[in-house]
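Q: Let's have the full structure, built from the sequences with the hints guiding it.
One-letter residues, chain by chain:
Number of protein chains: 2
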Amino acid sequence: MSKTKLSIIKIGGNIIEDEQALNTFLSIFSNIKGKKILVHGGGKRATHIASKLGITSKMIDGRRITDAETLEVITMVYGGLVNKNIVAKLQALQEDAIGLTGADINSIQSDKRPVKEIDYGFVGDVEQIASNSINKLLQADFTPVFCAITHDGKGQLLNTNADTIASTIAAGMSAIYETSIYYCFELNGVLKDFNDKESVIKNIDINSYKDLLQEGVISDGMIPKLDNCFDVLKNGVTKVYIGNTSMLTKENNNYTTITL
Amino acid sequence: MSKTKLSIIKIGGNIIEDEQALNTFLSIFSNIKGKKILVHGGGKRATHIASKLGITSKMIDGRRITDAETLEVITMVYGGLVNKNIVAKLQALQEDAIGLTGADINSIQSDKRPVKEIDYGFVGDVEQIASNSINKLLQADFTPVFCAITHDGKGQLLNTNADTIASTIAAGMSAIYETSIYYCFELNGVLKDFNDKESVIKNIDINSYKDLLQEGVISDGMIPKLDNCFDVLKNGVTKVYIGNTSMLTKENNNYTTITL
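Chains R and B, in that order, give the protein sequences. Heads up: the first sequence begins at 4 in this note's numbering, then just goes up one per residue. Heads up: the second sequence begins at 4 in this note's numbering, then just goes up one per residue.
One or more of the hints may lead you astray.
The list treats identical chains as interchangeable, and a pair is accepted whether it falls inside one copy or across any two copies.
Unchecked claim - Distance condition first, Cα-Cα at most 35 Å in a straight line; then the derived DSBU-like pairs of lysine-lysine:
| id | residue 1 | residue 2 |
| --- | --- | --- |
| 1 | K253 | K228 |
| 2 | K253 | K157 |
| 3 | K6 | K237 |
| 4 | K200 | K139 |
Read the hints as simulated data drawn from the structure, not as lab findings.
A: Next up, the structure:
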């Protein structure tokens with residue numbers, strides 16, 4: 004018997020921070036057929052509110068150092084403000100959404116990142132997802148909306164990378180579903196020429212990826228993203244897509260598909 | 004066939020704001036047998052964070068006027084910070100909690116309060132609860148934890164009184180369950196003499212309530228609370244209890260039971 008399809012969609016700051024872009028995306032999202040899960044990052048809003056509260060966000064190598072005060076702001080902004088407004092907007096679109104952190108239904112447990120050269124603070128590296136519990140929500144026809152917060156199972160919330168959450172959920176749910184993951188970002192897809200926004204590479208597989216790396220076409224920032232895509236494919240996810248949110252509509256065929 | 008029992012427990016600011024009191028309560032809560040739902044207010048934390056953000060909380064007759072900025076703070080503090088930390092703490096106690104606003108699974112719809120003499124702003128008066136959807140969570144062995152936020156079904160979150168949320172859920176769920184509601188507050192129960200904390204009135208029914216009102220024993224603040232208790236009893240709730248959190252343990256028999 005073939006598995007039911009499940010789409011995992013990840014959106015980031017560029018959509019969250021732009022009310023109109025968010026509304027357009029949520030309308031597209033609500034029109035996706037079948038079971039689906041939304042994962043959202045938080046973007047600069049947390050930084051903005053932290054600074055208003057007199058908390059300076061420390062960043063090292065593009066990663067936020069999450070001290071106790073910053074974790075409070077992240078919990079407020081990602082888990083409260085952003086997540087619950089998305090849920091309310093989806094409900095208005097007749098999408099029966101439910102907003103979650105990894106603490107809710109113990110859905111995503113993580114380990115506090117060990118202190119080596121850098122102490123990242125209250126940052127979690129995902130340990131496991133509760134696929135059966137998440138599936139109970141899907142089976143009840145609810146649409147999970149995850150923010151980028153997990154917990155350690157001992158009462159501590161932890162700030163966690165949204166891409167990692169999306170890929171871990173996708174991989175974990177692939178035991179039950181035929182899972183696809185859509186990483187939405189500001190570009191149309193992976194570009195052959197960074198200065199030409201139309202130069203989307205339509206398909207990348209593990210062989211062509213090696214060539215693209217050797218040719219230097221894939222640049223620094225995209226390498227961990229693509230490595231992560233191949234990891235999830237190896238972990239049972241059927242297809243990975245990278246592009247802007249319009250790739251979720253029938254009208255747009257201009258995005259990147261990643262396969263093994 | 005007799006109905007399964009469901010306990011609805013409401014806690015307020017006095018517990019939320021005191022880390023040790025909260026931990027003690029959550030430990031008691033996790034030991035309650037059978038199906039249960041927690042409803043929490045937010046307390047002064049929202050006011051505190053709002054003032055840090057330069058937002059002045061306007062109060063009229065003890066009710067917060069919820070302008071757009073204040074609603075954002077409430078969504079952050081109640082829906083994010085307070086709710087998700089409670090969920091994480093409950094998970095550490097092996098309680099499979101799930102944190103919710105009324106927008107999640109469309110659980111509690113409300114109407115924005117009409118503007119009469121006072122414009123309360125983004126405040127919602129509860130319209131209906133989705134008892135079947137809430138029951139799906141209970142049937143999946145999840146423990147719902149509600150904060151005091153609802154939505155209008157059109158994308159707008161609304162600040163809502165936690166007592167009302169608790170009583171509406173209790174009344175709504177009583178079609179499916181034998182429902183009891185526990186209102187936890189700082190006193191041991193309804194007092195005969197406000198200056199004597201041990202003068203708890205053990206039982207109040209609709210006749211003795213009339214007498215207590217005539218005698219002037221029940222004071223202003225308690226009248227709407229008790230009126231509300233009799234309302235929920237008329238709406239199918241089996242028992243209402245008022246007292247401090249220790250009434251949820253076997254050791255304490257010193258609290259007020261309200262019956263029709």
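Q: Does each hint fit the structure? Answer for all of them.
A: Hint-by-hint comparison with the structure:
1. K253 / K228: Answer is within; shortest intra-copy Cα gap is 25 Å, inter-copy 55 Å.
2. K253 / K157: This pair counts as between: shortest inter-copy Cα distance 27 Å, intra-copy 44 Å.
3. K6 / K237: This pair counts as within: shortest intra-copy Cα distance 18 Å, inter-copy 48 Å.
4. K200 / K139: Close neither inside one copy (41 Å) nor across copies (46 Å); limit 35 Å.
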